[in-house]
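*Asks:* Sequence:
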Amino acid sequence: MGNRILFITTKNLDYIRNVQEIKLVKQQDPGAGIIGSYDKSYFIRLMKVWLRILFSDMKKYDIVWIGFAPQLVYPLFWKFRKKKVVIDFFISFYDTLCYDRKMISPKALPGRLIYRLDLAVLKAAEIIICDTRAHREYFKKEFGVTKKEYRVLYLEADQRIFYPRQVKRPEFLLGKYVVLYFGSVLPLQGVEVILSAMESIKEDRELHFFIIGPLGKKLHTGRPEGENITYINWLPQEELADYIAMADLCLAGHFHKDIRKASRTIPGKAYIYRAMEKAMILGDNEANREIFEESEKIVFVPMGDENALATAIVDMKNKKENVTV
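For the sequence shown, position 312 matches number 1232 in the numbering used here, and the numbering has no gaps at all.
Keep in mind the hints are simulated off the structure, nothing from the lab. Certain hints may be false.
To be verified - Within a straight-line C-alpha distance of at most 20 Å, the following computed PhoX-like cross-link-like pairs (lysine-lysine) qualify:
{"#": "1", "residue 1": "Lys1002", "residue 2": "Lys1061"}
{"#": "2", "residue 1": "Lys1096", "residue 2": "Lys1217"}
{"#": "3", "residue 1": "Lys980", "residue 2": "Lys960"}
{"#": "4", "residue 1": "Lys1043", "residue 2": "Lys1067"}
{"#": "5", "residue 1": "Lys1004", "residue 2": "Lys980"}
{"#": "6", "residue 1": "Lys1067", "residue 2": "Lys1002"}
{"#": "7", "residue 1": "Lys946", "residue 2": "Lys979"}
{"#": "8", "residue 1": "Lys1096", "residue 2": "Lys1122"}
{"#": "9", "residue 1": "Lys999", "residue 2": "Lys1043"}
{"#": "10", "residue 1": "Lys1096", "residue 2": "Lys1237"}
{"#": "11", "residue 1": "Lys979", "residue 2": "Lys999"}
{"#": "12", "residue 1": "Lys968", "residue 2": "Lys1004"}
{"#": "13", "residue 1": "Lys1240", "residue 2": "Lys1122"}
{"#": "14", "residue 1": "Lys1239", "residue 2": "Lys1122"}
{"#": "15", "residue 1": "Lys1002", "residue 2": "Lys1068"}
{"#": "16", "residue 1": "Lys979", "residue 2": "Lys1002"}
{"#": "17", "residue 1": "Lys1022", "residue 2": "Lys1043"}
{"#": "18", "residue 1": "Lys1003", "residue 2": "Lys1068"}
{"#": "19", "residue 1": "Lys1027", "residue 2": "Lys946"}
{"#": "20", "residue 1": "Lys1067", "residue 2": "Lys1004"}
{"#": "21", "residue 1": "Lys1003", "residue 2": "Lys1067"}
{"#": "22", "residue 1": "Lys1088", "residue 2": "Lys1240"}
{"#": "23", "residue 1": "Lys1237", "residue 2": "Lys1217"}
{"#": "24", "residue 1": "Lys980", "residue 2": "Lys946"}
{"#": "25", "residue 1": "Lys1003", "residue 2": "Lys946"}
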């Protein structure tokens, strides 16, 4: 009889990383326990998860696999005594809050406490899962936890939704080279680099840009406007997949050059574009080069360089035109 597994996550259960890990867990243990929630409110999800952990019988499990943000479950780690604890250290709170989003100074008391939380979680685990080799090496160096077993698990797109297909374009896109970007507009994504690149080539009437995501008040600068630019606040995944299918070129990133995490992370959208067999532009960094190579469909540009990005977009458009001719 194999090991019984309990999977726990505080992120919504349909999140791309959870879908991937739950699939792996059930391959190892078809009867695995799952503790999570679909609630949109993070607070409500967290409360439900904590309550279920508190009232769960841990005796029937051999392995506790904690998905996204195990730091939020750490106060209840005492429930997992004598269990093999696996954590997905998908994000470091210390790195994210102090260096990525710059909400807290790493030298201030909150920054030091968050560092200790990350460190405690790493020390409590037997197996630590990372999303890239670059992150694995960073965590070892930053926190000094080197004697644990680290495993790299690259993201996977949900291929029930994101798969190659043809979608009929609306009339206004006929004859256009369609460039698409979607994202949650986190700082490391470097959306402002994309917008600056668009500004410089927006008069090219052969292009049409789709920018999908909640730009709102997250930008430090204005956004380019024009007849060949369409902004969409957000889309359900199924509709997003149709827009990606219509695109000739997709922008993956990350493009921010000054946030260290941007160089250690492969954008989740890059996995989606790959699953849909789309041409894409990636930021040139060590993480992206772990699994992607330059090709006819994949181009790397220096991070933070809007001119290089604009040039790459136009070059990809011209290559397609030459092939068509």
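*Asks:* For each hint given before, does the structure comply? Return the numbers of the non-compliant ones in rising order.
*Replies:* Result: hints 1, 3, 12, 17 and 19 break, sorted rising.
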